[in-house]
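**Student:** In the order they appear, the protein sequences are chains E and U.
Quick note: the first sequence uses my numbering, first residue 136, plus one each step.
Quick note: the second sequence uses my numbering, first residue 136, plus one each step.
What you were told as hints is all true, and nothing was included just to trick you.
Below, computed lysine to aspartate or glutamate pairings styled on EDC-like, alpha-carbon distance capped at 16 Å:
(1) U:Lys622 - E:Asp293
(2) U:Lys371 - E:Asp786
(3) U:Lys384 - E:Asp369
(4) E:Lys622 - U:Glu684
(5) E:Lys804 - E:Asp500
(6) U:Lys798 - E:Glu361
(7) U:Lys371 - E:Glu499
(8) U:Lys371 - E:Asp500
(9) U:Lys234 - U:Glu176
(10) U:Lys809 - E:Glu379
(11) E:Lys742 - E:Asp598
(12) E:Lys622 - U:Asp440
(13) E:Lys371 - U:Glu379
(14) E:Lys371 - U:Asp786
Hint data in this document are derived by calculation from the structure and do not stem from the laboratory.
2 protein chains.
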Amino acid sequence: MVLERLKQMAMHVTGNTPPPHPLDPLSESEIEHAVSVVRKEYPELFFNAVTLWEPRKAEMLAWVADADHTVRPHRVADVVCVGKGSTVYDGLVDLGEEKIVKWEKMEGVQPLITMEDLQFVETIVRKDPKCIEQCGLIGIPAEDMHKVYCDPWTIGYDERFGSGVRLQQALMYYRPHEDDSQYSYPLDFCPIFNADTHEIIHIDVPSIRRPINKAPPNNYHAAAIEAEGGFRTDLKPINISQPEGVSFKVDGRTISWVNWKVHVGFNYKEGIVLSNITFNDKGTERPVFWRLSLAEMVVPYGNPDHPHQRKHAFDLGEYGGGYMTNSLSLGCDCKGAIHYMDAAFVNRAGSPTTIKNAICIHEEDNGILFKHTDFRDDSVTVTRARKLIISHIFTAANYEYCVYWIFHLDGTVQLEIKLTGILNTYAMLPNEDTHGWGTEVYPGVNAHNHQHLFCMRIDPNIDGPSNTIYQVDAMQGAGEVGSAENKHGNAFYAKKTRLETAGGSMCDYDGNTSRTWDMSNENKINPYSKKPATYKLVSREVPPLLPKEGGLVWKRAGFARHAVHVTPYDDDQIHPAGRHVPQTSGEPSAGLPAWIAANPSASIANKDVVLWHTFGLTHFPAPEDFPIMPAEPMTVLLRPRNFFLKNPALDIAPSYSSAPSGKGTYSAKDGLSKLITPGCSNC
Amino acid sequence: MVLERLKQMAMHVTGNTPPPHPLDPLSESEIEHAVSVVRKEYPELFFNAVTLWEPRKAEMLAWVADADHTVRPHRVADVVCVGKGSTVYDGLVDLGEEKIVKWEKMEGVQPLITMEDLQFVETIVRKDPKCIEQCGLIGIPAEDMHKVYCDPWTIGYDERFGSGVRLQQALMYYRPHEDDSQYSYPLDFCPIFNADTHEIIHIDVPSIRRPINKAPPNNYHAAAIEAEGGFRTDLKPINISQPEGVSFKVDGRTISWVNWKVHVGFNYKEGIVLSNITFNDKGTERPVFWRLSLAEMVVPYGNPDHPHQRKHAFDLGEYGGGYMTNSLSLGCDCKGAIHYMDAAFVNRAGSPTTIKNAICIHEEDNGILFKHTDFRDDSVTVTRARKLIISHIFTAANYEYCVYWIFHLDGTVQLEIKLTGILNTYAMLPNEDTHGWGTEVYPGVNAHNHQHLFCMRIDPNIDGPSNTIYQVDAMQGAGEVGSAENKHGNAFYAKKTRLETAGGSMCDYDGNTSRTWDMSNENKINPYSKKPATYKLVSREVPPLLPKEGGLVWKRAGFARHAVHVTPYDDDQIHPAGRHVPQTSGEPSAGLPAWIAANPSASIANKDVVLWHTFGLTHFPAPEDFPIMPAEPMTVLLRPRNFFLKNPALDIAPSYSSAPSGKGTYSAKDGLSKLITPGCSNC
Ligand SMILES: [Co+2]
Ligand SMILES: [Co+2]
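Bound conformation, chain E alone (with noise of 0.2 Å):
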């Protein structure tokens, strides 16, 4: 690493910028460069993506080892074209040879859908005779088109459409004016637009027709609430501020936070890619994990009327996580010392576009780490914790979702999610029965129950690649109460299943045996416990995927049949329902269960292993979650057990510290905290 930092520091003195690190993000030039050899063979195409591909692990692997001795990868573009006729073409371009190094036609298969691509639909079905004449039947004159909305969707499947021409549905809505929230106004039919022809093909007309709805509009924003009374005026500042900065640093896109240290990438369809991320165990940086993200989700609709089966959003492959990441704002999304990363991507033209402050990198506080009192003479130590927090946010049309990942002092890494925005809703007339399907959530608006169901890619590398996973269940002992090795029936202990084989490796979740899973090195043995090298997952909203086997969800989102896939390393497996989201009619079903049906009998156990991790909830909506859904959070973490030879957070200085004997007495108590007695009319 020496001579890698002479050769950055020698192109900072010649004016020169350091090349990227192989994982980081296309630049807006490197995009610019992989369309320009794309367009020199291909001038027709549209763009749908030009993201990193990202080295292969080996490669990588051997470059983090040893930068200096190993040929630095090569930059390679990954890209997806779209043509006229909804043809789709894969290719992959290398930077440093300027040639595309790969380019394939796709047959049957559609990529993500764009923003681009979706703010076309709008002002279509606006001019469609065919939506005018729907609108017309429910009380929508003509004249009053320019107050119609709709939020394009990918089709998910429609099996009269298939797979071979590029389609969205517009779930439809309607402003009374401009800055009312039109889903409170959603409107009964749902266009089909051909995404090649811009033209709707098809309208999905309901048998019972509801009229537009008459109720008041049901606003949050503020002027809405300024008018209703205004804001509450007696919340007092919370400041937080960091006059020293943050403790982190960063070299290029390497973020080291006390003993972390981890690489942040980014791409279009995953947001957040975190790779290479290491804990310096007294002085040994030990590798945790190999690249984490949140891999793919899908969102499914627990109405079985037509057509609402077709709205199971997978939000990642077919709309992309990363495209629809927001900018974000100083002291609105986070609060203190803010470092952020932008995200820089191709559009449909070819250009380069980059969204300002996509990432945000912060640290903030989080209470008590440690605290333990001598209740013989209350000698106490009280240790603060901090955390690092590395996150996005996406708007998915009505939803938002804020994706926090979390590094903390004691060598867990949290993955936290929070969902706000809106909710998805439809139609319904006064008194009509929801059937159980959905919640009147305010008067004409049925908000449908759902689930949200992610999908976390591990790919551990815990001391090493080599690792192998247990599923863990908290078990009562052997032997009846009374007996000799039972007496009084208290013996329980932590039962552990090791995973073989990937055709073996689903597992569900089980809350009564509070399961989790064990991601070990076998290798690598706890000199105390004697136990393998470990990060736990621990996950507690984990939901089955409630759409029943063999129906469409269950089909086109496999992933989501279980808590629990392991499959053995594959460079090429990234994206677990599948590269082309879009239109898959889940037959036979793409991604994980293709892979896994292709060698069943791969062996996971003591292998480089990546494990694929379904978490969630099922939402029944409530009015509460209207007009604007306070932030539900959710959290999966990854505990590190048997890794440590002991907390590896004595290093953080305490508030307060005293022994017994009175001496060596610590204090660092905060001077800015105050007493209060607020309005205190009786103390």
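Given the coordinates of chain E, work out where chain U with the ligands should sit on it, guided by the hints.
**Tutor:** Just chain U with the ligands now, kept in the frame of chain E:
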């Protein structure tokens, strides 16, 4: 309330303090008063507890409804005394009438052991010849007995000794140096202490002896870390300040914050008690909960070898979550602007004694409350959340429990418990087989498997006391894939099961259906959703009680057999493992099982009911938990569902809000947050 207020003002003018709120804990002078009344008749007794006997609920409801025209409930002290011969007396002292209104000698029960009771044991053990002998056998010479320590626990229950004599078991440890953590030096024998005669009456000695551990100390206090190289110096301050003070008001012990109002009580067993919790819904103060507390807990250990079955502490009922409460410290335990409340207790001799700063009340920023961006035009509303936290921390010998009652802007009440402190440990030989009942967390140190099971007592008052509990399960809809009613198999719904009788109210957790429980007022139907006003219990850390049916822990900790029990309201049913927990045999099971068995067919539907919720975690120790454990949080949520007409936090001013029209933009961006590019060499 006007008259009441005038009275208070008059007293203020005249220099008299106003009368306490009927639910305020007894003050020091009230404790003195109660003691003096008891002393007149029973001068020879010692005091175990003098605490508020809460007014009967019917009386309180009447007073709360109309304080001006209702007789103020009397101040009554609930007294527990102990005398020679392990005698126990329960009494009530009416402080207004200055007399004992109830006095009873209790047979075969033992009240909790106080901190004072605990402190005696170590001194006795160090002088006891048999203990000195046992120490000698494992390598501690008689002259080192000052290095021998013990954590005295109640004996729990041991059939050899029964319930008639007040006993403690001494968990034995050694400290090479006064400041060394004793939990690295557990001793293998266990003396039994008679708290009446102050004698060691028995010593449990294992069949295999384990000499004193020779491993070096494993410490966490400041001097030890300094000696090992010191604390890291790269953490920059994260300052939290509230220059304009806090947003809550304090009137006696009633806290008003945003739309919430709550009375903060405290007693020696439960610690914090929250009463008469209301939410101001656009001018209407709607009752939500009548009383919330952590009512009991049990920590069963999973090693079946004698005498470890006795390790199953009921930390509240056997020691008192209030009695063990820490005196909190500014900037250490909580940051920002803090309002503390003290806690007054009686000591053994009958004098009042106060824990300063027992309860912490403060606000914290809580990230994003809600956010939505319109993808068409990037118009956005983003509003930040904050929370009000009412907390205390108690030290139960080795463990610390940090209890946070959290009120959210969106109407949610959260109970968060953080576990920290030190593992309970036992001696082990080098290479001794733990048989899976524990983990060697440090050489020679066996930390046994255990559960932390908490019982939350929820007295709902959802728009009034007549409430109904439903078990709610996420279920697949009827109809197979391909059927007319469920063609694509995607139907799912919330199945609600109405709990009708106390005897039929026991529910276990089911992670597979994301099971929750609704506390509903069936007489108050949400006009939009047509569903009853509800608070939903959402709890995901709900392991079953692992000790087996019919065994010691199962018998004594009846409350922990199920995730939920529901009982008709009864003023005398506060402690789900019984009023006096130490040395209960569990035959019959005290508390919840007894109450339900007394009238299993008692109706609980549309009645004043109490929901008892047991939650917690199963802890398989690892070296990372030692020598002090990083705080592990657990959360229970009480969420409004169909209670409000809309998101009740729309009155919170956003950080930023813009509308599609561009009109009415609102900006209150935090001017303190700063952009940084820390130590950046390449960005
Ligand atoms: Co939802
Ligand atoms: Co524990």
